[in-house]
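Protein chains in written order, with our numbering: chain A, 1 to 282; chain B, 1001 to 1194; chain C, 2001 to 2439.
Keep in mind that the hints were calculated from the coordinates and are not lab data. It cannot be assumed that every hint is accurate.
Calculated from the model, a selection of chain C residues having no Cβ within reach of chain A, i.e. all distances over 10 Å [to be verified]:
#1 Ala2051
#2 Asp2073
#3 Met2083
#4 Arg2084
#5 Tyr2094
#6 Ser2195
#7 Gly2206
#8 Asn2265
#9 Val2301
#10 Leu2305
#11 Pro2336
#12 Ala2394
#13 Glu2414
Some chain B residues near chain A, calculated using beta-carbon distances under 8 Å [said to hold, decoys possible]:
#14 Asp1033
#15 Ala1038
#16 Ala1039
#17 Ala1042
#18 Val1047
#19 Ala1048
#20 Ser1187
Pair by pair, the computed Cβ-Cβ distance ranges are [unchecked claim]:
#21 A:Lys169 - B:Gly1089: 47 to 57 Å
#22 A:Ile104 - C:Asp2303: 54 to 64 Å
#23 A:Ser36 - B:Pro1060: 30 to 40 Å
#24 A:Val114 - B:Asp1182: 23 to 33 Å
#25 C:Pro2022 - B:Gly1044: 25 to 35 Å
#26 A:Phe41 - C:Asp2303: 44 to 54 Å
Glycine is no exception: its CB is placed at the ideal position from the N, C-alpha and C atoms.
What follows is the residue order along each chain.
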Amino acid sequence: MLRKGIALAALGLAMLSAPAALAAGAAAPVKHVEYSFEGPFGKFDQAQLQRGYKVYREVCSACHSMTLMSFRNLGQKDGPFYDPKYPNPNDNPYVKSIAKDYQIKDIDSETGDVIERPGTSADRFPSPFPNEPAARASNGGALPPDLSVMAKARHHGPQYIYSLLTGYKEPPAGLKVGVGQHYNPYMAGDVTAAWSGPHDKVPPGGFIAMAPPLAAGQVTFDDGTKSTLEQEAKDVAAFLTWASEPKMQERKSFGFAAMIYLLIFAGLLYASYRKIWKNVAH
Amino acid sequence: MRPQTKGSFKVADTVVGANPDTHAAGDDPNRRDFIHIAAAVAAGGAVASLAWPFIDQMNPSGDTLALASVEFDLTKVELGQQVVIKWRGKPLFVRKRTGAEIAAAIKDDKADLRDPQTDEERHKPGKAEWLVVIGTCTHLGCVPTFGGGDFGGWFCPCHGSHYDTSGRIRKGPAPKNLAVPDYAFLSDTKVKVG
Amino acid sequence: MSGHSNYEPKTGIERWLDTRLPIVRLAYDSIIDFPTPKNLNYWWTFGGILAVCLGIQLVTGIVLAMHYVPHVDHAFASVERIMRDVNYGWLIRYMHANGASMFFIAVYIHMFRGLYYGSYKAPREVLWILGCVIYLLMMATAFMGYVLPWGQMSFHGAVVITNLFGALPIVGEAITTWLWGGFAVDNPTLNRFFSLHYLLPFMIAGVVGLHIWALHVPGNNNPTGVNVKSKEDTVPFHPYYTVKDGFAIVVFLILFASFVFYNPNALGHADNYIPANPLVTPAHIVPEWYFLPFYAILRAVPDKLGGVLLMFGAIAVMFVLPWLDTSKVRSMRYRPTAKLYFFIFLLACLILGYCGGQLPDDHVIPHLSTFTLIDADLNSFVWLSRFAALYYFAYFLVILPILGLTETPLPQPESISAPVLSHPANAPAGAAASPEKRG
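If we strip away everything but chain A, and leave its shape as in the complex, we get:
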């Protein structure tokens, strides 16, 4: 009876979660790419996070903010620059040196003037634009979205980011691409209105204001990894996944202990249950 119940519940859940998978719209299915952090025992690859941070810093951060991130996050456990010698990420010298490279807007506590001072590990990543209208004005009216939780804000986040960054291609003949727009088959959207070809052959994807941001050799990786377009895209997607869910590893290892405990607990209770009920016909 119980097994039947669990099977039914699982079936119900499978049916109900199906619509979420379809909700991505008419974009092409994401490319398959494997990451070290997938699966119940997956862990972030620190070297990959460091490369990914470099891509974000040198390319993405020119337009995209990450307002939920502070420099100290880079040095916290499982982060790109975590160093076991500095359990408090605020003391991590590498993180401090990164922060110092940025000028942070502040108010002088005596004069009240707007000043710029070198960043500290407690500061948030500075945003490239002071406000939304400024961001739009600099980007042809489009707003570069904040990347803090980007990997959670899209279905198959890491794969989606990778696919989008590597997926730019020439628009198929018959697709009219507007000024300041680019065709990307992995972008959510609907290009039917701009399509003059056959109705049943509308290309997948949508238009995106961002020009292809990455190219081979654009970022020089400090660890000597060859900077192909795919490598850059994969690494920055890994970095953004970590940034979206910095406690993922802690969650999975906590979960492992919790599951083992619950399984043993269930076994004990079942034995206790059988013992108590063994003489009762029911």
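Here the structure of chain A is known, so what remains is to put chains B and C in place on it, guided by the hints.
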């Protein structure tokens, strides 16, 4: 509801008696069996171990701890003045003491102190003019004002504690001297607190 | 609560307390000594599971409220701060978010169990109605809770649901403005939803108390639906059902934990990690999974007021169910025809849930255009929803009233013990020969 005769536990006994399985004879299904104790202990353990996250969540969070150290430029403080900055949500007194204040403090090193400490122990070596103390009275946490009281230092208006020019408690209900936080001189003109 | 108590205070303090506030007696009579039918199956464990769900939601919710900021400028970031900076905040928030889904999984199983075994019939009508009240409060609480993270789905979900009230004639617009506290969903709306989201769970807890009270007066129904005839039919709640419920609760927690730790966002929407933007609606807006059947009913009707009324009607009809079912036989074990209709009803609810998550005009069978019926292709989710919704209402309003008068039920057992003892798989050897002993 139908009337019930004597306790239902009796029913369980009848059940045991009816069972032909000899191993079970005399078993009390209600208590004192290893497996039941183990299950109960496991339940207690689950609750206890899950309690910690719910307690720990009230401790200072990552962003709160990140703001816990502050750097301060000493050039902003005039001789004989103090600047109050906010550190960990509390006032911090950074005072540039005059020679007279320092002398008064040293003179009282051997006085009858409630919380004995020499003035030398309360500032960094060779930096006698700089006194950095947490500006909350050690009695019940009010903020003392400078220049009041009987000892030329701070006076707490809430319950009348008197501190001297070294921030030591001299009179009143407070038990301890004004606390000196962990701090370090980054340069001659800059300190880092915390 | 059953009128007779076997509690005997053992110590002086217990005696002293018992004559002033017999709270130990109450606990003893309701969770230790309470005579419970001995044939309850695992479908009956969901009451205990639901109590645990409510407890988890209350505790995690109170803790989250210590860190959450109910302001449109800070709500989204404060939730992410809980996830990143608060110690174990990720655990507590994921428990709360997935806990809502688990709560609804359990409540749906609990409700279908009641439907199947006729637990709503006399003398348990009030018990059933209180359950419906709890369900209604749960839906309101879950909806307002989903608004709090102030993501895109939060915001536009709030817009859509509050606009439902705009369908009411004359007063509709005034009511929506009143709900919003402005001319759109905005900061006042978020603030009041936070306040109510905090309040309603305690009201649920109160009604749960009444629900348990109403349960303990007639006692549990059971899979045979036959009344308890003698104490041969029952066992004391403790230890028999504490351990059985306990085991089921832990198995349920394993399912719960697998979501919290390994798939915490599977039951949510990715769009809700995009901060609320009143100027852009997500391309595909759907409510949380547990509302999908009602959402499908809403969209099945091409008229705004009609859709809203039908959706609320789908819940209202549950309240009068005890008087719609004319059969005197409780358990569908002995109602083969009703059992068939029940499973079709279960299927209809699942179909409605599935349709609620699809675009109404999409084809059910891909790439197959049939013909247009009234306003949509027959092979579309909107038509599938209509058929399923039709069955939903027909089950309550037509099938159950008529079936009770026309069907021929199977013979019911004399008592709970009778079928137990005659069941060859369950009866230990020799026990069946002595029916007066509970073998």
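Structure-based check of each hint:
1. Ala2051: Given a closest Cβ separation of 17 Å, the condition holds.
2. Asp2073: Label holds. Min Cβ-Cβ 12 Å, cutoff 10 Å.
3. Met2083: 7 Å, violated
4. Arg2084: 6 Å, violated
5. Tyr2094: Non-interface label fails for C:Tyr2094: nearest chain A Cβ at 8 Å, not farther than 10 Å.
6. Ser2195: Given a closest Cβ separation of 26 Å, the condition holds.
7. Gly2206: About 29 Å separates C:Gly2206 from the closest Cβ of chain A, which puts it past 10 Å; holds.
8. Asn2265: 6 Å, violated
9. Val2301: It holds; C:Val2301 is separated from chain A by about 20 Å at its closest Cβ, greater than 10 Å.
10. Leu2305: C:Leu2305 is indeed farther than 10 Å from all Cβ atoms of chain A, at 26 Å.
11. Pro2336: Given that every Cβ of chain A is farther than 10 Å from that of C:Pro2336, nearest at about 19 Å, it holds.
12. Ala2394: 22 Å, holds
13. Glu2414: Given that every Cβ of chain A is farther than 10 Å from that of C:Glu2414, nearest at about 16 Å, it holds.
14. Asp1033: Holds - the Cβ of B:Asp1033 comes within 8 Å of chain A, reaching about 7 Å at its closest.
15. Ala1038: 5 Å, holds
16. Ala1039: 4 Å, holds
17. Ala1042: 4 Å, holds
18. Val1047: 11 Å, violated
19. Ala1048: 11 Å, violated
20. Ser1187: 14 Å, violated
21. A:Lys169 - B:Gly1089: 47 to 57 Å: 55 Å, holds
22. A:Ile104 - C:Asp2303: 54 to 64 Å: Holds: the Cβ-Cβ distance is about 57 Å, inside 54 to 64 Å.
23. A:Ser36 - B:Pro1060: 30 to 40 Å: The hint (30 to 40 Å, Cβ to Cβ) holds, given that A:Ser36 and B:Pro1060 are roughly 32 Å apart.
24. A:Val114 - B:Asp1182: 23 to 33 Å: At 31 Å between Cβs, range holds.
25. C:Pro2022 - B:Gly1044: 25 to 35 Å: Because 27 Å falls inside the window, the suggested range holds.
26. A:Phe41 - C:Asp2303: 44 to 54 Å: 53 Å, holds
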